[in-house]
Amino acid sequence: LLLDVEGWHTYFWLAFLPLILLLLVGAKLEHIITRLAQKVDEEKAKGHEARVKPSEN
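Residue numbers (this note's numbering): 445 to 501.
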């Protein structure tokens, strides 16, 4: 019912799917990069040299 209200067809809403996926992936990558930068900053505050270590999280 939501996708077919007053003549709006499903194809119209499907056109927005790539944009929504792009925004979701971009937000996730931004979150990952921010966490990584925070970890590097914490290591620098402890006096360790700044290097990026891969993690499983």
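No lab work stands behind these hints: they were computed from the structure. It is possible that some hints are incorrect.
[As the list claims (entries may be wrong)] Calculated lysine-lysine pairs in the DSSO-like style (CA-CA distance at most 27 Å, straight line): (1) Lys472 / Lys497; (2) Lys472 / Lys483; (3) Lys472 / Lys488; (4) Lys497 / Lys483.
[As the list claims (entries may be wrong)] Label pairs and their calculated CB-CB ranges: (5) Glu493 / Phe460: 17 to 25 Å; (6) Ala459 / Lys488: 41 to 49 Å; (7) Ala489 / Leu467: 49 to 57 Å; (8) Leu458 / Glu493: 45 to 53 Å.
Small disclaimer: the values here were computed from a predicted structure and weren't measured. Just so it is clear, CB atoms sit at the ideal spot from N, CA and C, and this is done for glycine as well.
Evaluated hints:
1. Lys472 / Lys497: 19 Å, holds
2. Lys472 / Lys483: 17 Å, holds
3. Lys472 / Lys488: Holds, because 25 Å separates the two Cα atoms, which is no more than 27 Å.
4. Lys497 / Lys483: 10 Å, holds
5. Glu493 / Phe460: 17 to 25 Å: 45 Å, violated
6. Ala459 / Lys488: 41 to 49 Å: 45 Å, holds
7. Ala489 / Leu467: 49 to 57 Å: 33 Å, violated
8. Leu458 / Glu493: 45 to 53 Å: 49 Å, holds
Of the numbered hints stated above, those contradicted by the structure are hints 5, 7, listed in ascending order.
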